[in-house]
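K.L.:
Chains as they are written, first to last, in my numbering: chain A, 1251 to 1385; chain B, 1251 to 1385; chain C, 1251 to 1385; chain D, 1251 to 1385; chain E, 1251 to 1385; chain F, 1251 to 1385.
It is possible that part of the hints are untrue.
Intra- or inter-copy, both count: the list cannot distinguish identical chains.
[Said to hold, decoys possible] Below, a list of computed lysine-lysine pairs in the DSSO-like style, where the Cα atoms sit at most 30 Å apart: (1) Lys1318 - Lys1283; (2) Lys1278 - Lys1322; (3) Lys1283 - Lys1315; (4) Lys1372 - Lys1318; (5) Lys1372 - Lys1361; (6) Lys1361 - Lys1283; (7) Lys1315 - Lys1276; (8) Lys1283 - Lys1342; (9) Lys1318 - Lys1276; (10) Lys1278 - Lys1372; (11) Lys1361 - Lys1315; (12) Lys1361 - Lys1322; (13) Lys1278 - Lys1315; (14) Lys1322 - Lys1276; (15) Lys1318 - Lys1278; (16) Lys1342 - Lys1322.
Hints listed in this document are in silico derivations from the structure and should not be mistaken for laboratory results.
Since we're looking at a predicted model, the values are computed, not measured.
Listed below, chain by chain, are the residues.
Protein chains: 6
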Amino acid sequence: MSLTVYRSAHFNAAHRLFREDWSDAKNKEIFGKCSNPHYHGHNYELEVGITGAVDDETGFLIDLKILKNIIKEEVENPLDHKNLNVEVADFKDLNPTVENIAVVIWNRLRKRIGAEYDVSVKLFETPRNFVVYTG
Amino acid sequence: MSLTVYRSAHFNAAHRLFREDWSDAKNKEIFGKCSNPHYHGHNYELEVGITGAVDDETGFLIDLKILKNIIKEEVENPLDHKNLNVEVADFKDLNPTVENIAVVIWNRLRKRIGAEYDVSVKLFETPRNFVVYTG
Amino acid sequence: MSLTVYRSAHFNAAHRLFREDWSDAKNKEIFGKCSNPHYHGHNYELEVGITGAVDDETGFLIDLKILKNIIKEEVENPLDHKNLNVEVADFKDLNPTVENIAVVIWNRLRKRIGAEYDVSVKLFETPRNFVVYTG
Amino acid sequence: MSLTVYRSAHFNAAHRLFREDWSDAKNKEIFGKCSNPHYHGHNYELEVGITGAVDDETGFLIDLKILKNIIKEEVENPLDHKNLNVEVADFKDLNPTVENIAVVIWNRLRKRIGAEYDVSVKLFETPRNFVVYTG
Amino acid sequence: MSLTVYRSAHFNAAHRLFREDWSDAKNKEIFGKCSNPHYHGHNYELEVGITGAVDDETGFLIDLKILKNIIKEEVENPLDHKNLNVEVADFKDLNPTVENIAVVIWNRLRKRIGAEYDVSVKLFETPRNFVVYTG
Amino acid sequence: MSLTVYRSAHFNAAHRLFREDWSDAKNKEIFGKCSNPHYHGHNYELEVGITGAVDDETGFLIDLKILKNIIKEEVENPLDHKNLNVEVADFKDLNPTVENIAVVIWNRLRKRIGAEYDVSVKLFETPRNFVVYTG
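Please model the entire structure based on the sequences and the hints provided.
P.N.:
Structure representation (structure tokens):
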């Protein structure tokens, strides 16, 4: 019997889409207004899914208090109210597209969640634009 | 050609997380304020997914009027405005975590839906905490 | 220049609609399944509105960190994961309808918010059933 | 590394569920009020999912400006503010159930999206009734 | 003490914006694609607000079971799955804009709700376009 | 007969809460992490309300195509994907709190909307924190 538990979280951040090794013109051409050098930002809404077996004794798949703390430590603390390009080491050499942010979050969570679980990340950059990454 | 049709439903219920064979202290330690002996409650929002082939003649995968009635009989009638621990036999010896409630609902629906269909259940305990069970 | 700032919060609780001075039959007749003696429950979603003047210096109407703490102390701590009928003194002699819960919350907040502000409360008992109280 | 990007869109349309080769009585019996000869309508909300590899250089799975244009050309332009039965050739001999509309949209998008991607379509006929089609 | 209770409802309908006394060209110029002679449609989401005094005995402002029935009789039965222009007498000589539909609904409800209450209607034609009418 | 029509829009922007005439320590003390010198950002969701009389001939309160264009020119074009502190003249000497952004938007719209209408602005900085300004 396998089931997935989801927990929501959110963080607000500034970013720009940008490659240092590209000219300004090329950044503008490929990334458009998302490449604004003065940054723009989003309310990122996150749904973390943990798939595994339900514990017969507790009826829990995972203790959500523990999951909530892991999300706080690995996602909210390092990303909330931050400039992703400037202040978050994961994006030093990585363009902070919503795709790459989801992968960074998944990698951060994956190493904190037991191997008996699968991990998925759904990340909304806006209510109209979002990604799912399952590793 | 395989497709999934989803139908939403909802019910309000009281519950507590609790094991009779544990001490009060252990229930409190593991389940925290969800173990309040006087109960608390939720608006459970449910999405039932039915996967199968679309009928060439009607263009329906399943008649939603029939599905709606099955959900009413198997979920809304037995669970809505109920105390899950006290009044619902399925939870007599089963802790009513959102995981276990989803499995109970899936089992109830599975036996009413034809074998040519797969069944999935997404159950929101709150807008921020939900599970998916696919059997 | 007058403006309203809103802050959301939420709590989960059990309740029943019930008057002790009525017969069981009358409680059943007037309150229907909401009168279930074993209780049912809801995810209450709350929007608190504070109306007043924007401070020229800060650009804040009210410091939301302070408002958040007041809501925590006056609403979330006393009501979350509680049985409203049994555990909350405000409802000792008051039927916990969504109307009365909104008035109780408004009264609790009103006495903590400065007289230079107006206070409003929007309380969702379900996504389909909610009230607004402005005092 | 495989990931899915989702983009939302919407269109409003009239339709009726109806088979020309059935009697009025049979249409009424099977499709109920959805068979009203004068039509009714919906706000269809669409989520298009594109699954594939993230481009190392851009950090994009697919350029969303391009995807947005494809959705505009293949879905919004032909379906928005239209009568699906009368004005959209895809439904000349196909009953416009939400199942069939999703398949039509998927087929239209599939032929415009590169073979290195998988395509999925989630289509809401109402907030309470929706389908997912993945080909 | 005055409070407002809200109850949600919904209906799906086809319509076109159109004045019979205007030329096709003028209808097209003023109403654009909303004037499509073959109709289009919407999921109308309705919030009915009733303002008044809370009854000391019941804690109810109004019995929601009664309000629900009035909405069913005055709004859902006559408008759901209908073509507003063709099948609903209220729009025989009245253009079914969202403004006019809200006024029609308000008038229908107003005559069924006691004079001790105020009535308001919020009507969503789409999630992005809606009106409020308070008489 | 007076009615309000609402139209939604949205923009993404970076900002920081900050007064140039305050020390860094005081900015930090009053505005907390919202004062991050590297900026953070939000998806701002906007609802513009226009109150007035419904035109008997068209059934429109205001032509929404015109309103949509005004919102595009006065809000989306100047604010979307911008750094409010650095790139938007309105905030040169004005702290871009959600309160002040709402007032700026209202002033911009007010001067473009005819005097026969009232204007209101509801602005969400996050789904949990929003303001209403009516002038």
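K.L.:
Determine for every hint whether it applies to the structure shown.
P.N.:
Here's how the hints hold up against the structure:
no.	hint	in the structure
1	Lys1318 - Lys1283	between (34 Å within a copy, 16 Å between copies)
2	Lys1278 - Lys1322	between (34 Å within a copy, 22 Å between copies)
3	Lys1283 - Lys1315	between (39 Å within a copy, 12 Å between copies)
4	Lys1372 - Lys1318	both (16 Å within a copy, 20 Å between copies)
5	Lys1372 - Lys1361	both (17 Å within a copy, 27 Å between copies)
6	Lys1361 - Lys1283	between (35 Å within a copy, 28 Å between copies)
7	Lys1315 - Lys1276	between (45 Å within a copy, 16 Å between copies)
8	Lys1283 - Lys1342	both (21 Å within a copy, 21 Å between copies)
9	Lys1318 - Lys1276	between (40 Å within a copy, 21 Å between copies)
10	Lys1278 - Lys1372	within (28 Å within a copy, 32 Å between copies)
11	Lys1361 - Lys1315	within (18 Å within a copy, 33 Å between copies)
12	Lys1361 - Lys1322	within (14 Å within a copy, 33 Å between copies)
13	Lys1278 - Lys1315	between (43 Å within a copy, 14 Å between copies)
14	Lys1322 - Lys1276	between (36 Å within a copy, 26 Å between copies)
15	Lys1318 - Lys1278	between (38 Å within a copy, 19 Å between copies)
16	Lys1342 - Lys1322	within (21 Å within a copy, 34 Å between copies)
The earlier numbered hints are all upheld by this structure, with none contradicted.
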